[in-house]
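From first to last, the protein sequence lines are chains A and B.
Going letter by letter, the first sequence gives residues 0 to 91 in this note's numbering.
Going letter by letter, the second sequence gives residues 26 to 225 in this note's numbering.
Keep in mind the hints are simulated off the structure, nothing from the lab.
All C-beta atoms, glycine included, are put in the ideal place defined by N, C-alpha and C.
Some hints could be false.
[Unchecked claim] Here are the in silico distance ranges between beta carbons for each label pair: (1) Ala39(A) <-> Trp44(B): 14 to 24 Å; (2) Thr89(A) <-> Thr139(B): 53 to 63 Å; (3) Asp58(A) <-> Asn164(B): 41 to 51 Å; (4) Ser59(A) <-> Ser93(B): 25 to 35 Å.
[Stated by the list, open to error] Away from chain B, derived, C-beta distances all over 12 Å, residues of chain A: (5) Glu38; (6) Val54; (7) Thr56; (8) Tyr64; (9) Leu66; (10) Asn69; (11) Gly71; (12) Thr81; (13) Ser91.
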Amino acid sequence: MYKILFVVPMIAAALSLTPAYASGDAKCENTSGEWLSHEAIGAKAAELGYEVRKVETDDSCYEVYALDENGGRVEIYMHPVTGAVVKLETKS
Amino acid sequence: MKPPSKIKVWDAFVRLFHWSLVVSFVVAWISAEQSDRVHEWSGYLIAALLITRIAWGFVGTKHARFSSFIYNPVTILKFLLDSLCFRAKRYVGHNPAGGAMIIALLVCLLVITTTGIMMITTTFWGIKWVEELHEITVNLTLGLIFLHLAGVLLASLEHQENLVMSMVTGWKRRNEKNKKRNRMVQKRKKKKAQENWHGF
């Protein structure tokens, strides 16, 4: 009985998360055009002065992990078609 | 004089550590994609728990010490086979498989917390292998937790005891050395249980 009391919440907790991935607080709209490549997005971010570490596709946006000119950690959400910066997240 | 039938096995620190780790692991897992702040703080808490538990493994009470639950691989394998056949020996402290599980979980959690801390340094920010190692080890740990729960359930059924409750209270049934006596006690208990049952 007690076993169930502990096991069930753990499984429930695990299951409740599965659909909750996603994140990406940024939304990119009108993404039906041709998407820029990861390399092109990385190059665009580099042009803006960032030291690009990684480019990921996050739902509708590209998410660029980079360092800014002060060496601070940033996540840049960029529009996949236009390459415009949609959102800049500075990590403390 | 009959010796007391119960014995204190898990000290307060071991129990507090165990359940704090359960809670902080669940919180860390849930917050992973939701909140950096909560995720990072639960991670720091796990790291602090690990460090204190490892220290306690050297200076703690009898059953909390590494020396009391590290067995050689042959003993562990033999124990696992016996368990599957429902004829494994009962241990008052950690059994060989449980001991191996603790080591495996500690190592995995150390890898997870280390890579987690690395991920928020400028040196390793956005570096793929660190993130991958972090995530793969988390998945591995989820598998270990599942096996841990299965092992606890199996051993509880096999030896007719509630191991989850023991991790809450710290108390376990004393291991009887004399098998014959053990059987007599069992018989007496059964009779008593039946009497109690009829009493209702």
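Here is what the structure says about each hint:
1. Ala39(A) <-> Trp44(B): 14 to 24 Å: Violated - the Cβ-Cβ distance for Ala39(A) and Trp44(B), about 50 Å, lies outside 14 to 24 Å.
2. Thr89(A) <-> Thr139(B): 53 to 63 Å: violated, 25 Å
3. Asp58(A) <-> Asn164(B): 41 to 51 Å: Given about 22 Å between the Cβ atoms, the range is violated.
4. Ser59(A) <-> Ser93(B): 25 to 35 Å: Given about 55 Å between the Cβ atoms, the range is violated.
5. Glu38: holds, 15 Å
6. Val54: violated, 9 Å
7. Thr56: holds, 14 Å
8. Tyr64: The claim breaks: Tyr64(A) does not keep its Cβ more than 12 Å from every Cβ of chain B (closest is about 3 Å).
9. Leu66: Check fails; 6 Å does not lie beyond 12 Å.
10. Asn69: violated, 10 Å
11. Gly71: violated, 8 Å
12. Thr81: holds, 23 Å
13. Ser91: violated, 9 Å
Hint compliance for this structure: hints 1, 2, 3, 4, 6, 8, 9, 10, 11 and 13 are not met, and every other hint is.
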